[in-house]
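Number of protein chains: 2
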Amino acid sequence: MVANTPVLTVDNINPNIRDMEYAVRGRIAIRAEEIRDQLNNGEQLPFKAVVNCNIGNPQQLEQKPITFFRQVASLCENPELLAADKEAIVSQLYPSDAIARARKLMSMIGSSTGAYSHSQGVAGIRQTVARFLEERDGHPADPNHIYLTQGASSGVQSILSIMTQNNQTGILIPIPQYPLYSATLTLLGATPVPYYLDEDSGWSLDVASLEKTVNDARSNGTDVRALVIINPGNPTGQCLSEDNIREIIEFCAKAKLVLLADEVYQTNIYEPEQRPFVSFKKVLRDLNSPVELVSFHSISKGMIGECGRRGGYFECCNFDEGVMQQLYKMASVSLCPNVPGQIMVDLMVNPPRPNDPSYPTYNDEIQGLYESLRRRSKKLEAAFNKMEGVTCQPAMGSMYLFPRIRLPAKAIEEAQKEGLAPDAFYSEKMLEATGVCVVPGSGFSQKEGTWHFRSTFLPPERLFDDFCQDIQRFHNDFMAAYSS
Amino acid sequence: MVANTPVLTVDNINPNIRDMEYAVRGRIAIRAEEIRDQLNNGEQLPFKAVVNCNIGNPQQLEQKPITFFRQVASLCENPELLAADKEAIVSQLYPSDAIARARKLMSMIGSSTGAYSHSQGVAGIRQTVARFLEERDGHPADPNHIYLTQGASSGVQSILSIMTQNNQTGILIPIPQYPLYSATLTLLGATPVPYYLDEDSGWSLDVASLEKTVNDARSNGTDVRALVIINPGNPTGQCLSEDNIREIIEFCAKAKLVLLADEVYQTNIYEPEQRPFVSFKKVLRDLNSPVELVSFHSISKGMIGECGRRGGYFECCNFDEGVMQQLYKMASVSLCPNVPGQIMVDLMVNPPRPNDPSYPTYNDEIQGLYESLRRRSKKLEAAFNKMEGVTCQPAMGSMYLFPRIRLPAKAIEEAQKEGLAPDAFYSEKMLEATGVCVVPGSGFSQKEGTWHFRSTFLPPERLFDDFCQDIQRFHNDFMAAYSS
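First to last, the sequence lines map onto chains R and P.
If you count by the numbering used here, then the first sequence holds residues 1 to 484, one letter each, in order.
If you count by the numbering used here, then the second sequence holds residues 1 to 484, one letter each, in order.
Certain hints may be false.
Pairs count within a copy or across copies, as identical chains cannot be separated in the list.
Unchecked claim - With a straight-line Cα cutoff of 30 Å, these simulated DSBU-like cross-link-like pairs (lysine-lysine) come out:
| # | residue 1 | residue 2 |
| --- | --- | --- |
| 1 | Lys379 | Lys254 |
| 2 | Lys212 | Lys104 |
| 3 | Lys104 | Lys64 |
| 4 | Lys329 | Lys429 |
| 5 | Lys282 | Lys212 |
| 6 | Lys329 | Lys48 |
| 7 | Lys86 | Lys104 |
| 8 | Lys256 | Lys379 |
| 9 | Lys447 | Lys329 |
| 10 | Lys104 | Lys48 |
| 11 | Lys104 | Lys378 |
| 12 | Lys429 | Lys379 |
| 13 | Lys64 | Lys254 |
| 14 | Lys417 | Lys378 |
| 15 | Lys417 | Lys329 |
| 16 | Lys212 | Lys447 |
| 17 | Lys386 | Lys429 |
| 18 | Lys64 | Lys256 |
| 19 | Lys329 | Lys256 |
| 20 | Lys86 | Lys254 |
| 21 | Lys48 | Lys447 |
| 22 | Lys379 | Lys447 |
| 23 | Lys64 | Lys86 |
| 24 | Lys429 | Lys86 |
Honestly, the hints are just simulated from the structure, not real lab data.
This is chain R alone, in the form it adopts within the complex:
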């Protein structure tokens, strides 16, 4: 009967959405959820829990939030707690600097966290971000060029959207890349222009080969207008040197490219002596470069890991004023980023200082998390490098490792039979054997004929040795099963 066929079918929806891929929460992650339900229903499986290493989601894996941040957040939520008649009780629960900060934030916000803010974010919070950037980089920052966002993803989506003039618009994205970029470009109907990171030299970026990529794409008619850099790298975990950053900016000036710097892992740095984080903004201003830069940051990463709150910001440098007005109009249609997320941005960029009552606790928490993350990154790197046919580049930054796996011919054959990429086949087997959920390299793209997977190193430290051993044991069994 005609009336019962739906108007909307997979065949007639937005074809860009149909074509979009996002493996971080794709097939394997969905299967992991099913397995979690099976375990919750008491089914017996070879493991007791699903361990989500598919996504950088620290607080899902027992990481505690930063005490001071949540104290301030809870005070801002409940205006009663800031009322004068509650002061005696509230001061038993909250340190004085948390109360003072909450009052200051509420005066910046003006009325209530329940009101829409300015579409760019609360002016006072953008000023706090600007001061942080000035201290970090030693160069001025303008609050009017800062947009608070619902996380870095939504900022990236807005910027890619405004840059897309038509389907010839090309954006350079690294391979391997965090699939937010490819998915968003697919949705927008823009042209991703892949450039390759060099695994053998620690996933470094070679400007000469980048230049060739741009020239080739342009001679094919693609209007290449921007370069996406993820630094520290996702999924690859490298951290760019200042020299490399300088070269990249100079190349963008020469090649007329906007630079999109995804710097959300700027505090996740595990070899700070050899490879500290240097921001693109600092080098840009040091060079007095006219290159248009957008730098993205987030409250979801670092030691804070406040993923659930959806907060972040981006800063635009050297942008045309008319384009900035269009950006504002675009932001205004979504009214404003969520205010609790904005509050957390303020706290991230302006944490307790050495003489504040909350500083000792804050500092212990941050340092403890940092040291633990560093230990875990190095331990997992070592574990991978001990596995047969596996090599893993150094963990310099971010929350991920991206080991290369060399799979036996029989495994590749078996994968093909099931219609899966070999690393997807491998990752599914890992999930079914251990409960560990990783993302296959094919979800990020990779050099043809190579196979990888991405894993976080976020499982809690008390379980970390078992976690490494589970993967190693699975790998040995897998290699044994498929070796001819």
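Got chain R sorted already, so can you dock chain P onto it with the hints?
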């Protein structure tokens, strides 16, 4: 010098963004911000404050948040408050049902509000929404068909995006309409198909003329696939009768249209006896209709007005399962809606019940807000209808009135000289004279040759008479100045 011309200019950005219009935070609202800054800098103006009636943002205009909701929110933010050793102090600050609800929510959320949730939203919260819908409508609701969102706007944007196959895809939008719809369709490159609400019969919807609109658009090659209904109306404030809803659904079945029901004002009902709110879902299921329906709701409206938190949900009925999977993939790219917003959705749809300790306060607050809103809506309606050349349809629902203004020829001429729509000219003059910021009817579209403006009735009650008088005085002066 070539290196200094920016890559991105207004001429080469996404043309759809350039073409997009959003008057609610447009030119006049931007001017209102400038005036607020002038006042803050001590400048003398004919008024003491800017009154933002351009947007339904109750907590910006002194409305207090619901005590219980914020108590629970603050407990969820700060895990310390739920620790056993703090119970004695915390119970002096929080009623037992707020503590119990926070514990329940935290167990549903699983780990921390700082973790990414399921991309559709926390399963337990979707179950709460489903129970609310079942109680409201007397029909089953499936948590798997419910998506928690960052407010209704983001839900609407997702649904319109998935529906847009190409630029022939047509979506019926009411005139006048909340400009989120036109702006989003412009961004997506889809075709808005306007249909007119009839002002003289209280902004009612005439199905016969709707049918003609659909047939005309289809014969012009537009693939009309959905009908947007805003009920209660924005900017128009009407509330549809159950008979009218039934007709509309039957028409959608016949004409093969998906129904998008923006029902965010479902509790803002000011003539509950004559014109109660009836949901499209209820009538759809009563009719056992196969029509595909999406219904949107939000925490930003109602008596709650938690705009700053960005939360809401939509429910899909009768959708193809494959399309639902594509919708999930799309949601997963943005990872999840913010968890504090999700918590507020849970509280909105499952508030304290009559025997709960917090019920008396909750009920007083909600009833107080409701009665006050109703009084203000009727007072503003009466004030408008007393103004020369102004007629205003009854305030049945939502947070807005949309009076029609008949302007003297000289005012229209003057507006044309300044390149403004006559109602934009009028609204700017109102802002400069009174500090009251409204949105001109031209920002919502309107029948040609008619002029309107939209105003909220949210200024606080203690200032409301002055507010009405300020507008009346301005109007008299304006009419006197431009009458020949």
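Given a CA cutoff of 30 Å, do lysine 417 and lysine 329 count as a within-copy pair, a between-copy pair, both, or neither? Answer is between: at 25 Å across copies they meet the 30 Å cutoff, but 50 Å inside does not.
What label fits lysine 104 with lysine 64 when the C-alpha limit is 30 Å: within, between, both, or neither? Cα proximity of lysine 104 and lysine 64: in one copy and across copies (25 Å, 19 Å).
30 Å Cα cut-off: does lysine 86 pair with lysine 254 within a copy, between copies, both or neither? neither (61 Å within a copy, 61 Å between copies)
30 Å Cα threshold - placement of lysine 254 relative to lysine 64: Close neither inside one copy (46 Å) nor across copies (55 Å); limit 30 Å.
Since the copies are identical, ignore which copy is meant and state whether lysine 48 and lysine 447 lie within 30 Å (CA to CA) inside a copy, between copies, both or neither. neither (35 Å within a copy, 65 Å between copies)
With identical chains treated as interchangeable, where does the CA-CA distance between lysine 379 and lysine 254 reach 30 Å or less: within a copy, between copies, both, or neither? neither (42 Å within a copy, 64 Å between copies)
Measure nothing new, just compare the shortest in-copy and cross-copy C-alpha distances for lysine 212 and lysine 447 to 30 Å and report within, between, both or neither. within (17 Å within a copy, 56 Å between copies)
Go through the copies and call it for lysine 282 and lysine 212: within, between, both or neither, with a Cα cutoff of 30 Å. So lysine 282 and lysine 212 pass the 30 Å test inside one copy only (27 Å; across, 60 Å).
Could you figure out if lysine 104 and lysine 48 sit no more than 30 Å apart (CA to CA) within one copy, between two copies, both or neither? Intra 46 Å, inter 24 Å, cutoff 30 Å: inter-copy only.
Up to 30 Å between alpha-carbons, please classify lysine 329 paired with lysine 256: within, between, both or neither. within (26 Å within a copy, 34 Å between copies)
Tell me, please, which holds for lysine 329 and lysine 429 at an alpha-carbon limit of 30 Å: within, between, both or neither? between (48 Å within a copy, 23 Å between copies)
Should lysine 86 paired with lysine 104 be assigned to within, between, both, or neither, using CA atoms and 30 Å as the limit? Classified as both; 18 Å inside a copy, 26 Å across copies.
Violated hints, listed in ascending order, are 1, 2, 8, 11, 13, 14, 18, 20, 21 and 24; each of the other numbered hints is respected by the structure.
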